[in-house]
Amino acid sequence: MKTELMSANYAAARAVVSARVEVVAAYPITPATTVPEQIALLSEKGIYKGEFIRVESEHSAMFACIGASSTGARAFTATSSNGLLLMDEALHWASAARLPIVLANINRSVSPSWNIHVSHDDSMSKRDTGWIQFYVSSVDEFYHTIIQAFKLAEDERVLMPTMVNADGFVLSHTVSRYDYLEPEEVDKFLQPYSPPHWVMDPENPVAHGNIVFPEHYQEFRYSMHEGTKNALDVYLEIEAEYKKLFGKYFGGPIECYKCDDADYIMTSQGTIGAEARDAIDQLRKDGYKVGSARIRMYRPFPIDHIRDLAKGKKAIASFDRSVSYGFGGPVANDIRASLYATDIRPLIKSYIGGLGGRDITVPDIKEILLDLIKHEESGEAGPEETWHDLR
Amino acid sequence: MSLRVRSCRAHSGCVLVVNEVNTEPEGRANMPKTSYSKPSVGATGKTGSWRTFDPVINYKECSKCRTCWLYCPEAVITLEDDGTPHIDYDYCKGCGICAQVCPRKCIDMVRKGTRDEEDEE
Chain A
1 MKTELMSANY AAARAVVSAR VEVVAAYPIT PATTVPEQIA LLSEKGIYKG EFIRVESEHS
61 AMFACIGASS TGARAFTATS SNGLLLMDEA LHWASAARLP IVLANINRSV SPSWNIHVSH
121 DDSMSKRDTG WIQFYVSSVD EFYHTIIQAF KLAEDERVLM PTMVNADGFV LSHTVSRYDY
181 LEPEEVDKFL QPYSPPHWVM DPENPVAHGN IVFPEHYQEF RYSMHEGTKN ALDVYLEIEA
241 EYKKLFGKYF GGPIECYKCD DADYIMTSQG TIGAEARDAI DQLRKDGYKV GSARIRMYRP
301 FPIDHIRDLA KGKKAIASFD RSVSYGFGGP VANDIRASLY ATDIRPLIKS YIGGLGGRDI
361 TVPDIKEILL DLIKHEESGE AGPEETWHDL R
Chain B
1 MSLRVRSCRA HSGCVLVVNE VNTEPEGRAN MPKTSYSKPS VGATGKTGSW RTFDPVINYK
61 ECSKCRTCWL YCPEAVITLE DDGTPHIDYD YCKGCGICAQ VCPRKCIDMV RKGTRDEEDE
121 E
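Chains as they are written, first to last, in this note's numbering: chain A, 1 to 391; chain B, 1 to 121.
Quick caveat, the hints were computed from the structure, so don't treat them as lab data. Everything numeric in this text was worked out from a predicted model, so none of it was measured. Take the hints with a grain of salt, since some may be wrong.
Unchecked claim - In the EDC-like style, the derived pairs of lysine to aspartate or glutamate whose C-alpha atoms are separated by at most 16 Å in a straight line are:
#1 Lys33/B <-> Asp155/A
#2 Lys33/B <-> Glu156/A
#3 Lys38/B <-> Asp201/A
#4 Lys366/A <-> Asp304/A
#5 Lys38/B <-> Glu203/A
#6 Lys33/B <-> Glu226/A
#7 Lys33/B <-> Glu185/A
Said to hold, decoys possible - Sample of chain B residues lacking proximity to chain A, with all beta carbon distances greater than 12 Å (derived):
#8 Lys38
#9 Asn58
#10 Thr67
#11 Glu80
#12 Asp81
#13 Met109
We put the CB at the ideal spot given by N, CA and C, even for glycine.
For reference, chain A alone in the conformation it holds in the complex (with noise of 0.2 Å):
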């Protein structure tokens, strides 16, 4: 291992590299565009060793990810934004044909109103693609997630494709310390990918991708739902051992910080969990009992972390950095289910704001859960949603 200075996406490429990823196909857009753009340049060099396909689009990346993770090859790649939701088609057939491929998604916002920031819109509109989805709030967490991702994707009881988020220019071009993994060191954790179903080969011809009928469809579904759930405590096991192996540890499904004997807490996707980290101390110091949940892992959803989480606390605040129109923050609706069925009532409301790349800072997160504070200690639940710095 050693420690190295860089981009989240130029990391993301060398994660290409340690993981020993055999095809490679994507189509630039920003931010995600200097992550194909670093392993065209390692092929080059002939340090990334596997195919590295030209595409046409997103959707044609997509599916030659498919065709290669078909023939059994490891297979990768990274976009953002509406190149991510052009792949949408081709997102469904990956995962209900149960192909471990690993993507990189570089949130940025969905446009119009054109914006190359970053929004969690992009990832979050594909929640149901059957897709595992995590988001990263470092880029040494990103280049680690990315290896650990392969290990999850292409585990017999998981079998599903996985989405690693990064926030689009916080992470993507913002250069930080990342410790970097030799393929050799790699090999301990993560061994050759090779399918446990079905395969494209030649030598014994298989069709997929047929019909099947109403008899048997259902089944199917919930076998890749099945494979979902199984993922948390795949996980789990996972980063135990990577933790073993390379004393790399991101805190599980949930991340807390100061959670614990918190009254009062602040969950949120991504980079915003770190900044969270700072507010807390702040108002720690002011005598709240404040703590920050980092979701990590948002699909599948990590009910039973939700649930030891909540219990004692006095109220929750849900940021999310993205929108169900119509109905509020993706997240906190998730979180709100995950509590219905038990006797865990404490107060939940549902912070929206950061659209667009706008800056969360600790001020805001101050803010927040200053304003979840005020409302639950006046009995007060007020809007059910607040959009954050809504000008």
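Guided by the hints, dock chain B onto chain A, whose structure is given.
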């Protein structure tokens, strides 16, 4: 018992496929992770029953040029050694492409049930 995950030739003339999965005990536990199938014939039954119009070759006019054989999207036209075409009515869906492309226009599309099938088959 045996569970059949079937496919058909509804799209683009692909080979008929079937996947046999032994289920003991019965249930989804023994289903594959995703549907796939191995080449075989007739898994979805005789798709010729979908036909409304039957292509009927007038062998007196036929020049054995093989154009119909080349164009048939379902590959249900077979040729004798001398090039004489035969249509497999068990799987012909009656699309009429053979009749369209026939240079001598000697394939007629005849509404099903109105011809003397014994004669031509």
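Hints, verified against the model:
no., hint, result
1, Lys33/B <-> Asp155/A, "holds, 13 Å"
2, Lys33/B <-> Glu156/A, "holds, 10 Å"
3, Lys38/B <-> Asp201/A, "holds, 12 Å"
4, Lys366/A <-> Asp304/A, "violated, 27 Å"
5, Lys38/B <-> Glu203/A, "holds, 12 Å"
6, Lys33/B <-> Glu226/A, "holds, 11 Å"
7, Lys33/B <-> Glu185/A, "violated, 31 Å"
8, Lys38, "violated, 6 Å"
9, Asn58, "holds, 35 Å"
10, Thr67, "holds, 28 Å"
11, Glu80, "holds, 28 Å"
12, Asp81, "holds, 28 Å"
13, Met109, "holds, 27 Å"
Violation of the numbered hints given earlier is confined to hints 4, 7 and 8; the remaining hints are satisfied by the structure.
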